[in-house]
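For the protein sequence lines, the chains are A and B, in the order given. In short: position in the first sequence from 1, add 1036, done, that's our numbering. In short: position in the second sequence from 1, add 40, done, that's our numbering.
FYI, nobody ran anything at the bench for these hints, they're computed from the structure. Among these hints, one or two may not hold up.
[To be verified] Counterexamples of contact, computed for chain B against chain A with all Cβ distances above 12 Å:
(1) T46
(2) L65
(3) V69
(4) A70
(5) G110
(6) E117
[Claimed, not checked] For the chain B half of the interface with chain A, some residues (derived, Cβ under 7 Å), not all of them:
(7) A86
(8) R87
(9) D90
(10) T98
As the structure is a computational prediction, the values presented were derived from the model and not from experiment. Every residue, glycine too, gets a C-beta built ideally from N, C-alpha and C.
Next come the chains, spelled out residue by residue.
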Amino acid sequence: MNDKPRNVLVTGASRGLGLAIARRLTAAGYRVIAVARSKSKPLTEAIAAVERDAHGSLHFAPFDLGKVEAIPDLVKNLRKEFGPLYGLVNNAAVGHDGALAVMHNSRIEELVRLNTLSPIVLTKYVVRAMMAEGAGRIVNVASIIGFTGYSGLAAYAATKAAMLGFTRSLAREVGRLGINVNAVAPGFLDTEMTHGLTGEQRERVIRRSALRRLADVDDVANAVEFLLGDQARSISGTVLTVDAGTTA
Amino acid sequence: MSIKLTIMDEMARVAREHGKTLGQLDDDVALLDSGLDSLGLAVLVARLEDRLGLDPFTTSDDVQFPVTVGDFVKAYEHGSH
Ligand SMILES: NC(=O)c1ccc[n+]([C@@H]2O[C@H](COP(=O)([O-])OP(=O)(O)OC[C@H]3O[C@@H](n4cnc5c(N)ncnc54)[C@H](OP(=O)(O)O)[C@@H]3O)[C@@H](O)[C@H]2O)c1
Chain A
1037 MNDKPRNVLV TGASRGLGLA IARRLTAAGY RVIAVARSKS KPLTEAIAAV ERDAHGSLHF
1097 APFDLGKVEA IPDLVKNLRK EFGPLYGLVN NAAVGHDGAL AVMHNSRIEE LVRLNTLSPI
1157 VLTKYVVRAM MAEGAGRIVN VASIIGFTGY SGLAAYAATK AAMLGFTRSL AREVGRLGIN
1217 VNAVAPGFLD TEMTHGLTGE QRERVIRRSA LRRLADVDDV ANAVEFLLGD QARSISGTVL
1277 TVDAGTTA
Chain B
41 MSIKLTIMDE MARVAREHGK TLGQLDDDVA LLDSGLDSLG LAVLVARLED RLGLDPFTTS
101 DDVQFPVTVG DFVKAYEHGS H
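When you get a sec, could you build the whole thing from the sequences and use the hints?
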C-alpha cells in the first residue's frame, strides 16, 4: 500500500460483520471511518487497540443512516475531515423477520429505508467524490437470502436482492471512471442479527452447508478486503458468496 | 473567477479527460449537446461541488436536472446566494 492511507467508509461498524470488516481493513493499513448510531464497547476497544499498533487507523462517525435527508451533509463533512474516500462498504442493515402477512408496515418501511434507500443515497454522494478522483471501490453487503428463499424473510430478502441489482448496474455506470462495484453475499453468521435463530434452525443451516459449518464474520471480512484491494482491480459487478457452501 | 467561468473551465477539463470535444456553449444549447454525456455531467457536478462548495441539485426542490447550459449556470448562480 502507498504511503497515504486509503480512506474507507464502513457503515454499521459498531458490531457484528461491520466491526469485523473495520478490524480487518485497519490491520491491512486502511484508514477506516466507522459509521453507526452508537459507539459500542467492542468498537471503542478496537479503536484503542489500533492506536497501540502501528497499522491503519480507525475513527468513529456517529450517524443514524435512517436520516436519509442528512446523508449529503454527512459525506461532505467526512470528506472535509478525512479527504478523498477510496472505499465504501455498505454494511449497515436491519434484519426484521416474521410472517409478511402480520409484519407491521412501519417495520417493512424501516427495512427498505435502512437496507436499500439509505445505502443507495449514501452511495450517490460517495460515488460523486470518487468520480471527481477517478478511482474508488464500493462493496455492498447483500445476503444469500437475496437469491435463495427463507420463510419469514420476504421483505428483508427484497432489500438484499435490490442491492444485487444495484451493484450490477452501478458497476456499468461508473466503471469507465475507474470505480469498481461489487457485492458480498454472506450466509448465516452468528451476530446480534441472528440471535433469534433457535438452536434447531442453526443446526439445520449447518447440516445443509457443504462444509458442515457456518461461515463467520472474519471469512466475510476477508472477502471484503480482497474486493477493496489492488488484486481485485479487474473484478466489478460481481457477487462473492461466502456461505460455507450453503447455496452450492 | 466568476461562477460561469469556473463552470466553463471545469467543463473543458472534464471534456479533455473524457476525450470529448466541447461544442459552442451558448446559453440555449442543450446540456447533452454540449459534448459531455450524462456521466461527464455527473463528474462535472461532483467537481463543481468541490470548487464552488455547492450542489444546487441536492439543495433545490426542483427534481428536474436543467436542460440547457444557461439553466445549468443559473442553478449555480442562484444557489450561491
Ligand atoms: N447476520 C447474518 O446472518 C447475515 C447474513 C447475511 C448478510 N448479513 C448482512 O450483514 C450486514 C451486517 O449484519 P450484522 O449481522 O453484522 O448485523 P448487526 O450485528 O445487527 O449490526 C448492524 C450494524 O448496523 C448498525 N446500524 C443499524 N441501524 C443503523 C442506523 N439506523 N444507522 C446507522 N447504523 C445502524 C448497527 O449499529 P448501531 O445500532 O449502533 O446503529 C450495527 O453496527 C447486514 O447488511 C446484513 O444484512 C448478515
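Hints, one by one, checked against the model:
no., hint, result
1, T46, "holds, 14 Å"
2, L65, "holds, 21 Å"
3, V69, "holds, 23 Å"
4, A70, "holds, 21 Å"
5, G110, "holds, 23 Å"
6, E117, "holds, 20 Å"
7, A86, "holds, 4 Å"
8, R87, "holds, 5 Å"
9, D90, "holds, 6 Å"
10, T98, "holds, 5 Å"
Consistency with the previously given hints is maintained throughout, with no hint failing.
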